[in-house]
Amino acid sequence: MKKALIQPTVLGLSLCLVALILLAGFWPSSGSELSLLDKNLPPSLNHLFGTDWLGRDLFSRSLKALLASFYTGGLAVALSCSIALLLAMFAQVNRAACWCVDLLVDVFMSLPHLLLLILLALVFGGAEHGLIMAIALSHWPRLTRLLRFEMQAIASAPYFQLAKQFGQSPLAAIRRHMLPHVIPQWLVGGMLLLPHALTHMAALTFLGFGLDPVNPSMGALLSQASQYLLTGHWWLALCPGGLLLICLLILSYIANALITALRRGPQTHISGGEFA
Amino acid sequence: MLKVNELSIQSKEMSLLSPLSFELTAGQLTGVIGASGSGKSLLAQALLGSVPRGFTLSGEVSLPQEQRVALSAQSASVLDPLRTVISQLMRRVSPGGENRASQLQKVNISRKIAACYPHQLSGGMAKKALLAQATWQQTDFVVADEPCCGLDTSSATELYEYLARLASEERRGILVISHNLKHLLTVADDILVLKEGRLVEKTTPDKILKGLCAPYTYALWQAIPGNWGRTDAAVA
Amino acid sequence: MPVSSPFSMKPPSLVTAGLRLALQLVLVILLAYLLLAWSPLDPINSYLNGNLFGISVEQKAALISSLGLDQSVAQRMWHWVCELAQGNLGFSPLYQQSVFDIIKERLPISLLLIGLSWLFSLIFGYGLGLLAGLYQGRWLDKFIRNCAWLVACIPSFWLGMLLISLFSVALSLTPVCCAAPLGMQFSEQSLLSMAYHLLLPVLTLALVHMAPIVLHTREKVIDVLDSDFVEYSRLHGDSNTSVVGYHVIKNSLLPAVVLHFASFAELFGGSILAETVFNFPGLGATLVKAGLANDTALLMGCTLISAVLVFLGNLAANGLSKSLLAGDTK
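Chains as they are written, first to last, in the working numbering: chain A, 1 to 276; chain B, 1001 to 1236; chain C, 2001 to 2330.
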């Protein structure tokens, strides 16, 4: 996996992403200054993304929104990953626990994802922390399923069963033999969760759930932009969305490269044909 | 006549089949014998132009115009798992051939078996279907790759006799790959001996039984259970 | 679909799978009800549309008992299930109609949208995947793969907005809004007008949900082309068209259809966004409005319907994968 990280494209893209986040963090303007004389300007050198109907610089607002998205998204994904790992490990205890966890995963996946998010957002009060909890509590099923699959394969492997027969307690066996194999998958799975989390957060705030009145969020920006579509102010939707899309693509690419590297494993030497 | 001239399978690192040359005559049954891994199956597939990935085929396989070769494969993986046996066999029938029922009867496949899917076939049935897949194409030459591997002795004998009939009655050239020298000795007109990808010699059953063959070939004959400990070449 | 470990004893029969799916359906509905019951939103507040001080204390007490809010959550849930069994889904304060009527009005539109998107994403997704697999390694394959990957990352609501900007505003080729011309009901318009209004939403949904099918089909087609039976066909003189028609399509189309049935849940989620962006009066948009207005009865009704839709989709996927692929080895 380290080899995959050192690949030039992956490294380059990661650096771009980090640079973008740093830029957003250190960007001086918060984009909330009104300037009614400059309202509704299309993109130009002065205003890279143009201005909105209140004259606010869209580029600054987008950067700040992106930063907020990464912050909440990152937090939510970290929480989700922890839940997934704990549940997957719990499922290894005995068959009943395994059955329960499987059922829980399937139940959570029986609803459309966005609907589940809406319900969870409502449960937690609909504000920003509600957003984090909603994302965290709805993204763990897929990762849990993946981890369960991996862990089950390892649990059936001879070396693991031997370890248990040698008298190691189940917890120690899991810690020493299972986790090292599962952690890389877990990390990469978490990385892949991040673009999904960002998209879903944008979708939720676009619909109007989980809005924070103070900080702009991507979804809120796009939701406001949708009201101005018909007046031909295309940059209000295109530019922030485009910025988000670029981040999603970078994250997706890196995660996929890591997954491919993990799947390929150690290179084998000879490959005979099927007919041989 | 099917002429093979300096046929070999090579890659940069290794050679699977060293250049070999031989001829197949219509109306004759030629056997290919050798230990496991000697390249027998590779030869069978190379005759149709198939090599493992990463290897190149050099040399030449020449046929008179209008004549074709068909392969009776070794494993049932050449059958599409989602189609019935009869559906796939019908794809191989050349127009104007005999009707379905008599063809099935010839290879001893019942209609019920023909309606099965490949994964439902027993080992023996699968071998018969694979052979039918090749013979129904009415080609002038048939290469049979281990047609009796896994069959019981009586079914194997029956199948070898069928192959012998194909050669003598229908005037087709049959090449049979086998690791079972005992059966080949009873039906083959010629025998090619392969060892580690090289052609050791081309001989006849008669010569083998008389001991007038290469030492390796003789050792293969001696390895047949029943011939153990024998040093003379009397008929088993 | 249920988790299947690589080492399970035997694959579950259709009946077992169906029962398990039904169990999931029941549990998820109960879960949804509990979530809504635990939400900190004040139902009285939403019932009165914020006009809390407009009623007296006695009227409020009467309202509480009529809404059943003085009972425990378990009692309320039991009451709701009983009402459900009689076909009564409750009353929506937001629309001042019975929930059943609202759903009856709006479900067909959503089903039409989802159904058409499902169909088109299957047809075009399979077609593109087939092409990509057949031309593996060439520029067409790379182009299709990269497009699929790109489109899979695009948020569907943003794509919808872009398409509106391009086709409706800039090019004036499609309507700017809604499911029907202004003032008309959806069912009143001509078929042509219906298609005209459905064009962009269906395009948006189909595009975004095409990617998994494209990539999955491509993998399957490559696998089939690599298989021993295709090599045998080729060695014995079968033309490419013959190989594709006889072997490739059957081995790759069925898995694609089965996979796509299981993506009903995603499509429903996508339709929530599409209906909001394109202002369609479907179930998804209603769901959002109910959520924002804290109309729990309506929200619960919509949740019920979508859970049933997902259940049906998964059931179909399970059933198909067991019956149509009967010829395949397990």
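I should point out that these hints are in silico values taken from the structure, not numbers from a laboratory. Keep in mind that a hint or two might mislead.
In silico lysine-lysine, DSBU-like type, Cα no more than 35 Å apart, as pairs [to be verified]:
1. C:Lys2250 with B:Lys1106
2. B:Lys1112 with C:Lys2322
3. B:Lys1202 with B:Lys1012
4. B:Lys1112 with C:Lys2250
5. B:Lys1210 with B:Lys1012
6. B:Lys1207 with B:Lys1195
7. B:Lys1012 with C:Lys2142
8. B:Lys1210 with B:Lys1182
9. C:Lys2289 with C:Lys2142
10. C:Lys2104 with C:Lys2250
11. C:Lys2104 with C:Lys2060
12. B:Lys1182 with B:Lys1106
13. C:Lys2142 with C:Lys2250
14. A:Lys39 with C:Lys2104
15. C:Lys2289 with C:Lys2104
A partial selection of chain A residues facing chain C, derived with a Cβ cut-off under 10 Å [to be verified]:
16. Ala19
17. Leu22
18. Val107
19. Phe166
20. Ser169
21. Leu187
22. Leu198
23. Thr199
24. Gly208
25. Gly219
26. Leu230
27. Thr231
28. Leu238
29. Leu244
30. Leu245
31. Leu249
Quick reminder that beta carbons are idealized off the backbone N, C-alpha and C, glycines included.
Structure-based check of all given hints:
no.: 1; hint: C:Lys2250 with B:Lys1106; in the structure: holds, 30 Å
no.: 2; hint: B:Lys1112 with C:Lys2322; in the structure: holds, 23 Å
no.: 3; hint: B:Lys1202 with B:Lys1012; in the structure: holds, 29 Å
no.: 4; hint: B:Lys1112 with C:Lys2250; in the structure: holds, 23 Å
no.: 5; hint: B:Lys1210 with B:Lys1012; in the structure: violated, 41 Å
no.: 6; hint: B:Lys1207 with B:Lys1195; in the structure: holds, 19 Å
no.: 7; hint: B:Lys1012 with C:Lys2142; in the structure: holds, 29 Å
no.: 8; hint: B:Lys1210 with B:Lys1182; in the structure: holds, 14 Å
no.: 9; hint: C:Lys2289 with C:Lys2142; in the structure: violated, 42 Å
no.: 10; hint: C:Lys2104 with C:Lys2250; in the structure: violated, 38 Å
no.: 11; hint: C:Lys2104 with C:Lys2060; in the structure: holds, 31 Å
no.: 12; hint: B:Lys1182 with B:Lys1106; in the structure: holds, 24 Å
no.: 13; hint: C:Lys2142 with C:Lys2250; in the structure: holds, 24 Å
no.: 14; hint: A:Lys39 with C:Lys2104; in the structure: violated, 44 Å
no.: 15; hint: C:Lys2289 with C:Lys2104; in the structure: holds, 17 Å
no.: 16; hint: Ala19; in the structure: violated, 20 Å
no.: 17; hint: Leu22; in the structure: violated, 23 Å
no.: 18; hint: Val107; in the structure: holds, 5 Å
no.: 19; hint: Phe166; in the structure: violated, 22 Å
no.: 20; hint: Ser169; in the structure: violated, 23 Å
no.: 21; hint: Leu187; in the structure: violated, 20 Å
no.: 22; hint: Leu198; in the structure: holds, 9 Å
no.: 23; hint: Thr199; in the structure: holds, 5 Å
no.: 24; hint: Gly208; in the structure: holds, 5 Å
no.: 25; hint: Gly219; in the structure: holds, 8 Å
no.: 26; hint: Leu230; in the structure: holds, 6 Å
no.: 27; hint: Thr231; in the structure: holds, 8 Å
no.: 28; hint: Leu238; in the structure: holds, 7 Å
no.: 29; hint: Leu244; in the structure: holds, 7 Å
no.: 30; hint: Leu245; in the structure: holds, 6 Å
no.: 31; hint: Leu249; in the structure: holds, 5 Å
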